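Engineer: Below, each chain spelled out in residue letters.
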Amino acid sequence: MFEVKRVLSIQSHVIHGYVGNRAATFPLQCLGWDVDVINTVNFSNHTGYGSVRGTKSTHEEINEVHRGLSDIGVVYDAFLTGYIHGAEALEAVGEIGRRMKAENPQMLWLLDPVMGDEGELYVSSSVIPSYRKILMQGGVDIITPNQFEAELLVDFAIDSYDALQRALEELHTKFRVDHVVISSLKIGDDKSIKAVTSHRTRQHTRQYIFDIPFIESYFTGVGDLFSALLLDRVYEYSRLAHRDSYLQQSVNESLSVMAHVLKVTSDAASRELGSNVVSKMGSADTMKSCELRLIQCRDSYSSREQLFTPRKL
Amino acid sequence: MTKGPHSTNKLLSIQSHVIHGYVGNRAATFPLQMRGWDVDCLNTVQFSNHPAYGSFKGTKFGPETLKEFYRGLKDIGINYDAVLTGYVPSDEALSVVFDMCKDLASHGVKWILDPVLGDNGKIYVSQGNVDLYRHILRCGLVSVVTPNQLELEVLSGVKVTDLESFKNAIDTFNELYNVENLIVTSVQLSNDSASLYSAGSTRILQGVFKSFYFKVQTIPAQFSGSGDLFSGLLTSAIYKYNEKYGSSVNINTQLENLPLAYALNEVLSIVEKVLTLTYEHELNKYTSRSQPVPSYLKINDLKLIQARHYYTQELRNFTVHSF
Chain V
0 MFEVKRVLSI QSHVIHGYVG NRAATFPLQC LGWDVDVINT VNFSNHTGYG SVRGTKSTHE
60 EINEVHRGLS DIGVVYDAFL TGYIHGAEAL EAVGEIGRRM KAENPQMLWL LDPVMGDEGE
120 LYVSSSVIPS YRKILMQGGV DIITPNQFEA ELLVDFAIDS YDALQRALEE LHTKFRVDHV
180 VISSLKIGDD KSIKAVTSHR TRQHTRQYIF DIPFIESYFT GVGDLFSALL LDRVYEYSRL
240 AHRDSYLQQS VNESLSVMAH VLKVTSDAAS RELGSNVVSK MGSADTMKSC ELRLIQCRDS
300 YSSREQLFTP RKL
Chain C
0 MTKGPHSTNK LLSIQSHVIH GYVGNRAATF PLQMRGWDVD CLNTVQFSNH PAYGSFKGTK
60 FGPETLKEFY RGLKDIGINY DAVLTGYVPS DEALSVVFDM CKDLASHGVK WILDPVLGDN
120 GKIYVSQGNV DLYRHILRCG LVSVVTPNQL ELEVLSGVKV TDLESFKNAI DTFNELYNVE
180 NLIVTSVQLS NDSASLYSAG STRILQGVFK SFYFKVQTIP AQFSGSGDLF SGLLTSAIYK
240 YNEKYGSSVN INTQLENLPL AYALNEVLSI VEKVLTLTYE HELNKYTSRS QPVPSYLKIN
300 DLKLIQARHY YTQELRNFTV HSF
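Chains as they are written, first to last, in numbering that gives the first Met the number 0: chain V, 0 to 312; chain C, 0 to 322.
Worth flagging that the hints you see were computed from the coordinates, not collected in a lab. Certain hints may be false.
[What the hints assert, rightly or not] Simulated pairs of lysine-lysine, DSS-like, Cα-Cα distance not exceeding 25 Å: (1) C:Lys121 - C:Lys158; (2) V:Lys287 - C:Lys101; (3) C:Lys56 - C:Lys121; (4) C:Lys59 - C:Lys101; (5) C:Lys66 - V:Lys55; (6) C:Lys297 - V:Lys4; (7) C:Lys214 - C:Lys239; (8) V:Lys100 - C:Lys56; (9) C:Lys243 - C:Lys9; (10) C:Lys73 - V:Lys55.
Keep in mind that this is a model prediction, so the values were computed, not measured.
Please work from the sequences and hints to get the whole structure.
Structural biologist: See the structure below:
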């Protein structure tokens, strides 16, 4: 009765608001995880406010605190990484993951290669080869790129279903990841947004495609919450026998929780700002109203609801 | 201030961050979040774990960095209901933290101050630090102060050995500092090793305080982080019971009907549950290996996550006593 799952999460910290570790930690704690939290940056708030103050940890500092954890002998069931602010820090994190995986091959590693969205890069381009290198060395179990990030990794445009197949194949083989989730995708002239899951085992590759509603991408922290929820579900379901389509189910449940959180957040933002929220974004005054309502949604993280009907790809 | 169904209370918590384990902000944050509070965490340090493990690595944020954090929050204009402060690693940093809190408190934010000086008979901060606490308590901006036995003794100058000296220390503290709410977290009296005493004292009118205490059974162990869990929970409990009953308090209010007594009763009840669960877990480590259990345990990590269902329970298990 006393055992809990233990995860190490290396992401950013903001004092106010919910992105990075602040978006991932509380939901995972609600789901019964002991979450150990390494903060790669300490900022007053996320950068979307237009002003921000704080500090970044160097790669030496990240390595040092991880040595501290090794010294007291903590072992993790899972490892979660998101936005890392530069190539050196990223490589330090990759090295930490590799060491932990070597000590505990059962550990589940989810890497969210946060680089940008919709054609816009918001990290230095030097992190692209670092992500490729970390992945190719093996050990990462799940990645959750958006379309742009997947394209940066494979280095070609995903502009057709054929290209999508080639990209998934490359992410599985060249980049050695068994569970690939492309969190948002638009193909060709089709205006609808899709999510794609591809799970490779020794016997099969199972692929599903989801139609997802317009994800309010102007809410910051959405991807960080998604990867945390996904990690929990994959950890649970991959340990059960006869759950061949567990990646699809995990994504379905995570997206369903997200839909609820986004609805609560969007309604609250509209109440505070009036109906046209998007047009009012960008200033500190309005951004406060657009933070995820993570606390108000605390009873929803364990929901097993599956709102989506994916098709086989 | 009453909150609508969609709002939450907002706390700025200024304490240390450990990557592993539950002390400082890591002990205060999650229970408060479970109780529906938005907790903004201004971390004064990032350490791998707390020092009682015997080794740790990490960095302290210097006074300039702490100032920057606060400037960042001011720039975006966040409104808080309360600010909570605990252990701060240096005199300089403490002085910066006090400036922030003075600024907040002068804008109506309730300041809950845990004057961390030491524990178990040992002071582990500098004399300058102690003087700074004395000064800050006198300035009239602190709403709630939560010393332990040693801190009460140091700040009041009265040694606590029995109920009489306990009451005397509380009265002296009130005379010296005149803080609206005083909670003494845990006191061991020399003639009763089976119990811990926890007291509250609340100002009804200028110069008139009502004081009371609870008696809790001792658990034969030392828990890192229990004080930080305590002050975190207390913040929300005081807020909750002040909203419920605060307006009806007058000079004739019975001790058991004081908002502070409700709040302390609730916090003691929850903390006892968390500590008992943690203690049983520790015992289980020995019994499952058929090893003898030491008579006194030092426990590094609270089972904060396993205990998550306790934080929202309406528990008030103890009886209010008058001195």
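Engineer: Between lysine 243 of chain C and lysine 9 of chain C, is the straight-line Cα distance small enough, at 25 Å or below?
Structural biologist: Measuring from Cα to Cα gives roughly 18 Å; hence the hint holds.
Engineer: Do the alpha carbons of lysine 121 of chain C and lysine 158 of chain C lie within 25 Å of each other, as the hint requires?
Structural biologist: 14 Å, holds
Engineer: Given the hint that lysine 66 of chain C pairs with lysine 55 of chain V, does the C-alpha gap stay at or below 25 Å?
Structural biologist: 15 Å, holds
Engineer: Run the distance test for lysine 214 of chain C versus lysine 239 of chain C: straight-line Cα separation, threshold 25 Å.
Structural biologist: 23 Å, holds
Engineer: Against the 25 Å threshold, does the CA-CA distance of lysine 297 of chain C and lysine 4 of chain V hold or violate the hint?
Structural biologist: Judged against 25 Å, a Cα distance of about 23 Å means the pair holds.
Engineer: Below or equal to 25 Å on CA atoms is what counts here, so check lysine 59 of chain C against lysine 101 of chain C.
Structural biologist: 22 Å, holds
Engineer: With a cut-off of 25 Å on the C-alpha distance, tell me whether lysine 56 of chain C and lysine 121 of chain C pass.
Structural biologist: 24 Å, holds
Engineer: Going straight from one Cα to the other, do lysine 100 of chain V and lysine 56 of chain C come out at no more than 25 Å?
Structural biologist: 22 Å, holds
Engineer: When you check the alpha-carbon spacing of lysine 287 of chain V and lysine 101 of chain C, does it fall within 25 Å?
Structural biologist: 24 Å, holds
Engineer: Between the alpha carbons of lysine 73 of chain C and lysine 55 of chain V, is the straight-line distance 25 Å or under?
Structural biologist: Roughly 20 Å separates the two Cα atoms, so the pair holds.
The structure meets every hint from the earlier list without exception.
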